[in-house]
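J.: Chains A and B, in that order, are what the protein sequence lines are.
Under the UniProt record's numbering, the residue at position 96 of the first sequence is numbered 96, and the numbers go up by one with no gaps.
Under the UniProt record's numbering, the residue at position 30 of the second sequence is numbered 30, and the numbers go up by one with no gaps.
If you're looking for bench data, these hints aren't it; they were derived computationally from the structure.
Check before you lean on any hint, since a few could be wrong.
The calculated lysine-lysine pairs, modelled on DSBU-like cross-linking and capped at a C-alpha distance of 30 Å, are [claimed, not checked]:
id, chain 1, residue 1, chain 2, residue 2
1, A, 109, B, 2
2, B, 2, A, 15
3, A, 15, A, 292
4, A, 15, B, 150
Here are some chain B residues the structure puts well away from chain A; computed CB gaps all over 10 Å [said to hold, decoys possible]:
id, residue
5, 34
6, 105
7, 118
For glycine and all other residues, C-beta sits at the position ideal for the given N, C-alpha and C.
Below are the chains, spelled out letter by letter.
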Amino acid sequence: MDRITLPERPDWRAKAAELGFTFADMHGEPYWDETSAYAFSLEEIEGRVEDPCTELHAMCREAVGKVLADEALMERMGLPRLRWEFIRDSWEAGEPEVYGRFDLAYDGKGPAKLLEYNADTPTSLYESASFQWLWYEDQLAARVLPEGSDQFNRLHEALVERFAEIFPADTDLHFAAMSGAPEDYATVETMAWAAREAGMGAHYTDLEKIGISEDGQFTDADDRVIGTLFKLYPWEDLFADEFSAHLASAQCRFIEPPWKALVSNKAILPVLWQMFPGHPNLLPSFFADDTKGLADAAHLMLAGHVTKPIFSREGASVTITTQGRVLERATNREYDRHPMIVQAYAPLPVMGGFRPVIGAWVVGETCVGLGVREDRALITQDLSRFKPHFIEG
Amino acid sequence: MKRSRAVSLGILGAAAFGLAACQQEEQTDAAAFPDIESCTAAAAQGGWFTREDCETTFADAQAVHAETAPRYESQELCEQEHGAGNCGGDTVAGSGGGGSIFMPLLAGYLIGQALGGGRAMAQPVVPKAGGGYATPTGGTQLSRLNSTGKMGATAFAKGPTTAGQPPMSRAAVASRGGFGGSAATRSVGS
Chain A
1 MDRITLPERP DWRAKAAELG FTFADMHGEP YWDETSAYAF SLEEIEGRVE DPCTELHAMC
61 REAVGKVLAD EALMERMGLP RLRWEFIRDS WEAGEPEVYG RFDLAYDGKG PAKLLEYNAD
121 TPTSLYESAS FQWLWYEDQL AARVLPEGSD QFNRLHEALV ERFAEIFPAD TDLHFAAMSG
181 APEDYATVET MAWAAREAGM GAHYTDLEKI GISEDGQFTD ADDRVIGTLF KLYPWEDLFA
241 DEFSAHLASA QCRFIEPPWK ALVSNKAILP VLWQMFPGHP NLLPSFFADD TKGLADAAHL
301 MLAGHVTKPI FSREGASVTI TTQGRVLERA TNREYDRHPM IVQAYAPLPV MGGFRPVIGA
361 WVVGETCVGL GVREDRALIT QDLSRFKPHF IEG
Chain B
1 MKRSRAVSLG ILGAAAFGLA ACQQEEQTDA AAFPDIESCT AAAAQGGWFT REDCETTFAD
61 AQAVHAETAP RYESQELCEQ EHGAGNCGGD TVAGSGGGGS IFMPLLAGYL IGQALGGGRA
121 MAQPVVPKAG GGYATPTGGT QLSRLNSTGK MGATAFAKGP TTAGQPPMSR AAVASRGGFG
181 GSAATRSVGS
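If we strip away everything but chain A, and leave its shape as in the complex, we get:
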């Protein structure tokens, strides 16, 4: 892995504006940044990212079976007992997953280490699947990148194939996000393009506009019944919402399926470590109150440890401790009230003054692409930048 300075496309800002990529700058900082790009070898992509992430996903599926069979582990997931059956039913019915994103620490030398699995509501789909792809094709055409190079990015095609695989043609799908967040809407819309290309009907509704019919079915802003709902909104929040009592009886199929509430949950990380101790792509992880486990693993945490809430977005409420001292503490503490896990600290590499995190995309059960985000800070938060990547020829 290398971070290489490249000429920007002279017209990329005009292209971004024309395509409606309105959040290419966010919070007064660049978000899309193509002044440099990450270069990988093909062996690296396949051996260090693609195959390990497909395997990690299979391991997560195995962990779901284990958690559902163990009441003590289910308790650890921090989800309301009233919804356990709903979650279990979705797993036993084999409800298919569509997508997820592994966040990995990778320094180009050792194996990639799993930081967490955004298996329920991953965003940055538009940047990864579409705008990054366009960057590559433009740079190839401009001869900035050579013939024989490539990009690990089958994301769009894989999504089209996945929709066609799991739904009959012409199925009507509803897509919902919270209003007022353009970056969330972009992910939902990118998903909807793929669904349409797969021959589905795609309808949008603001999540807050969803209603309930007299028959107990969910309805969109125009009172049409929702048969299948893609919701860019976390399961743990749906379970806490007023309509949660209707979830199981609404005759609605969900994407991602309810069992993803167990996988996107950081409580899955200690479970994975219990099941696959010493796996090269896993970091030693424990529940924060597991004092014996932590004491026994002290020799595995010499580089320090990271405390994370089981539910958290954009690095909120994360704390990094090394040598007994707090090295960095996220300023956003919104998730402090949740149970915590402790994970061995895997420092991100520093490249050109930035720390990249690899986002490896899974569609269905296979790893199909990647996107890189980098941040100056130790904890990747909402001021991080999205960086394009390519595979050297």
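Position chain B against the provided structure of chain A, taking the given hints into account.
T.: Okay, now just chain B, sitting in the frame of chain A:
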């Protein structure tokens, strides 16, 4: 090759979702503007619509807005749906009676190329609470104005007449809103 052979580069916030959303819905060239001036400025740079189209469609959009914009029994209810400061009293004189009907203000308009030629199509857009815009039925959503792209022709279908009809009461919208209350941050993705 480890990348997609082709990726649909649709326009964000413009056209991925259509109202009727049948697969074969015909697409047409469309543009969204906040006012006539923005439209005529765009027309001056060439394209499929003219300054005259800007003017006639704006007048059409104003009329359709007056006829089909959603109507509410209170300012508060209207602002809940369309955002603070985005609502006013009913613009149609004598509509409903009593003078206590509120509707979202006209925020801009869509102009569309008529399929098979002829007069350009028009549709008003109103603000949405939390940002963005929507056609009066809410069937087509836009994240921003001053945008152009392809759009399903059904976006230009006229919604049901609301002028002279009883306004929506809180009960009519109260069966909604059971989701979204638990979001911790504005953007919930990760």
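J.: If a hint holds in the structure, say so; if it doesn't, say that too.
T.: Checked hints:
no.: 1; hint: A:109 - B:2; in the structure: holds (22 Å)
no.: 2; hint: B:2 - A:15; in the structure: holds (24 Å)
no.: 3; hint: A:15 - A:292; in the structure: violated (55 Å)
no.: 4; hint: A:15 - B:150; in the structure: holds (16 Å)
no.: 5; hint: 34; in the structure: holds (15 Å)
no.: 6; hint: 105; in the structure: holds (18 Å)
no.: 7; hint: 118; in the structure: holds (28 Å)
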